[in-house]
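Novice: Just so we're aligned: the sequence shown equals residues 28 to 192 in my numbering.
What the hints contain is simulated information worked out from the structure, not anything from laboratory work.
Hints are supplied without guarantee of correctness; some may be wrong.
Stated by the list, open to error - Each computed SDA-like pair below joins lysine to any residue, with the alpha-carbon atoms no more than 20 Å apart:
hint : residue 1 : residue 2
1    : K42       : P127
2    : K42       : F124
3    : K42       : A69
4    : K42       : S57
None of these values were measured; they are calculated from a predicted model.
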Amino acid sequence: MIRGIHGLFYSSDAKATRDFFRDTVRLPGSDIGDGWWIFDFAEGDLGVHPTDGGEGGKHDVSFYCDDIAGTVADLKSRGVEFTQDVADHGYGLVTYFTAPGGVTVQLYEPRYTKGTAKPEKKAKKPGKKAKKKGDAKKAEKAAKKGDKKGGKKPEKSKKKKKGKR
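Start from the sequences, fold in the hints, and give me the full structure.
Specialist: Have a look at this one:
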């Protein structure tokens with residue numbers, strides 16, 4: 028089952044682009060070695076790869092947020108430069124900012140509600156509580172002694188004799 032998406036920014040200066048997203052924009056991520064940084068999102072992840080010819084800026088990735096005015100103000104306070112004012116594009120409120128390496132990034136506040144793509148969890152049976160670790164041993168011990176809360180002692184098992192049915 029597919030459970031996510033991996034996006035890429037192609038940059039003429041991949042290190043500067045990675046540093047910008049990690050240090051200035053403050054995207055969460057993981058150092059996977061050899062200078063490669065993967066940015067982790069609850070709904071996807073983002074990697075930054077160098078270009079072959081030195082020309083960067085190619086991508087099909089947008090960042091979205093719940094409060095575009097607040098997010099723009101926060102990013103501007105950290106030195107992020109926006110190239111356009113926020114505009115209504117129908118599907119959401121949209122603006123763009125630049126990152127090192129020739130990368131232009133779309134930021135938007137969606138006007139639509141996304142459905143969940145998470146697999147459904149099995150429903151718990153009504154009246155059942157989750158068992159804590161050790162509950163099975165406690166129940167077994169109580170059954171051997173007889174339940175002190177009004178329960179019955181366990182019945183002795185009846186073994187069948189071999190050869191007779």
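Novice: The structure should be examined with respect to each hint, and the outcome stated for every one.
Specialist: Now for the hints, and whether the structure bears them out:
1. K42 with P127: holds (9 Å)
2. K42 with F124: holds (18 Å)
3. K42 with A69: Measuring from Cα to Cα gives roughly 24 Å; hence the hint is violated.
4. K42 with S57: holds (14 Å)
Checked against the numbered hints listed earlier, the structure breaks hint 3 alone; every other hint is satisfied.
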